[in-house]
Amino acid sequence: MSHAAIADKRPSTLRGASLPKWTPWAIAAGSVALGLGISAAAGLDSKIQWALMAGVLFVTGTYVVAARVEGRRQAKDRVATSFVWVAFLLAVIPLLSLVWATVQRGTKVLDVYFLTHSMGVVADSEAGGGIYHAIIGSLEQVGLATVIGAPIGVLTAIYLVEYGRGNLARAVTFFVDVMTGIPSIVAGLFILSLMLMWDMQPFGFAGSLALAILMMPVVVRSTEEMLKLVPNELREASLALGVPKWRTILKVVLPTSIGGITTGIMLAIARIAGETAPVLLLVFGNPFINNDPFEGAQASLPLFIYQQYSQSAGSTAAYDRAWAASLTLIAFVMILNLAARGIARWKAPR
Amino acid sequence: MAKRIDVSGLTAYYGSHKAIEDISMTIEPRSVTAFIGPSGCGKSTFLRTLNRMHEVTPGGRVEGKVLLDDEDLYGHGIDPVSVRREVGMVFQRPNPFPTMSIFDNVAAGLRLNGKYKKSELSDVVEKSLKGANLWNEVKDRLNKPGSGLSGGQQQRLCVARAIAVEPDVLLMDEPCSALDPISTLAIEDLIGELKERFTIVIVTHNMQQAARVSDRTAFFNLAAVGQPGKLIEIDETERIFSNPSVQATEDYISGRFG
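From first to last, the protein sequence lines are chains G and P. Each residue of the first sequence is one higher than the one before, counting from 1 in the UniProt record's numbering. Each residue of the second sequence is one higher than the one before, counting from 1 in the UniProt record's numbering.
There may be inaccurate statements among the hints.
Simulated crosslink set (DSS-like; lysine-lysine; CA at most 27 angstroms straight-line) [as the list claims (entries may be wrong)]:
#, chain 1, residue 1, chain 2, residue 2
1, P, LYS130, G, LYS251
2, G, LYS228, G, LYS347
3, G, LYS251, P, LYS127
4, P, LYS118, G, LYS251
5, G, LYS245, P, LYS117
6, G, LYS251, P, LYS139
7, P, LYS127, P, LYS195
8, P, LYS230, P, LYS139
9, P, LYS195, G, LYS251
10, G, LYS251, P, LYS117
The hints are simulated quantities; they were obtained by calculation from the structure and are not laboratory data.
Okay, chain G solo, but in the shape it has when bound (with noise of 0.2 angstroms):
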């Protein structure tokens, strides 16, 4: 009884004064109006001013109330909250107007006959055709330029992890990096030169060639990251039961990691499955059906969006396909990037 009595006499120094849990909607609400209040007033209509402004206000706003309320530690938790939340919306916006923009524009002209006919007779600027030739161009190119560059990045990678040692491995882990800032044109000339020097016309497998140079170091980097992350212990125990290193490497470490590494591939396919500069030089496009990667010019997706955008100025027919291509795109690589994800997730050691 008299503890209680007490207790309840002391003031507790444990328990400060906190502002309600709506405080957050309310000081924002109230900002967001005496923003647009402010912009009416003064006769702005740009629809960043007023929002800026109240992004403003909802910081200090919320700074002064809680600093007043809780105190200045728990304010400037707040204002750090906060913070974090417009850097969020910040980075978020963007995405999600690209998708919607790309949604609403790109459903027009998106259907069966669009994803299985080509623009073999039909006029840039006149209505009707589709992307078939450039989605097969794209598969194969792309196709291609894995079985090159996939192969070649993850075997570099377990070299570097487990096997390299020295000046070697110090060399090719530089030239790895300077590899990944190599920017797609320069890869794309790379390429040119060479075909320049047999006289070659555009094909597709010369496409493939210079995305596989782009994937490749992207590759050894994801690839020798997973690799790391498989604990040095397994290996140990594989070597310890007389297994020798290269059945460990296939049967212990890649296994342990192949959920990683199928991530990593799928983000590097999607990844020049965009590429517009080295395809449009050595590729060079095509509006015909052409289903040798390895003969003639061939399309690509990227490739079509540029070349109905560009070629075609003030055509409603060719941008309205262009934004069909850029959907069509967009979803082939969300689809890797979910299927990368399932892959990583069924294959994720238990």
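Fit chain P to the known structure of chain G by using the hints.
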């Protein structure tokens, strides 16, 4: 089966750092030999030189001789992979392969070496799991992942995996340091059974454990941090714990230093 190990003048390096110096000892077959000593004195390093795992560490190299029944493990033309098939190892922390089931973990040594008959495989797995006192606990879930077991079960799984390839010698590097007392007891009982068939070498920080499980005990020490570790003495466990011939051993065992 169980083979004798004769070590003479063994020195091991990590790069330019000398980790252990001039160690000579004989490890008897069908017995348990325990290594004790303060941290950093090179017990584990010495253990790893006995199946050529030391050289897996970058910069690791060895001078001297390790005879396994008269054959020098560091002799010319000896394949470290074959050495490790005859001298198995259990590590400090249980490390079952996370991508494999319990069955596959035990079968891993045979499968990865590629030398087995399919029909024999399940017999070998059953025998090894029984040998590791784990069969009754896992026989209904052989296809479940090995990482779903408790720590003590995982460690016995690792023992089963190591004995499935029928080694001559089993090295154990602090096999109980990550386990609770009950699991530790299970492993110690297991060691007692396994010494009928294998030569066992165990590194431990737990002196009661060394006294409980081993027939002979070796005490390692180092003069100072950065100095190489040395073998101080090796003798019957009873003698080491009751009447050691070196003062440092007695100091260490009675807890007066280290």
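Evaluation of the provided hints:
| no. | hint | result |
| --- | --- | --- |
| 1 | P:LYS130 / G:LYS251 | holds (26 angstroms) |
| 2 | G:LYS228 / G:LYS347 | holds (17 angstroms) |
| 3 | G:LYS251 / P:LYS127 | holds (24 angstroms) |
| 4 | P:LYS118 / G:LYS251 | holds (18 angstroms) |
| 5 | G:LYS245 / P:LYS117 | holds (23 angstroms) |
| 6 | G:LYS251 / P:LYS139 | holds (25 angstroms) |
| 7 | P:LYS127 / P:LYS195 | holds (16 angstroms) |
| 8 | P:LYS230 / P:LYS139 | violated (44 angstroms) |
| 9 | P:LYS195 / G:LYS251 | violated (31 angstroms) |
| 10 | G:LYS251 / P:LYS117 | holds (19 angstroms) |
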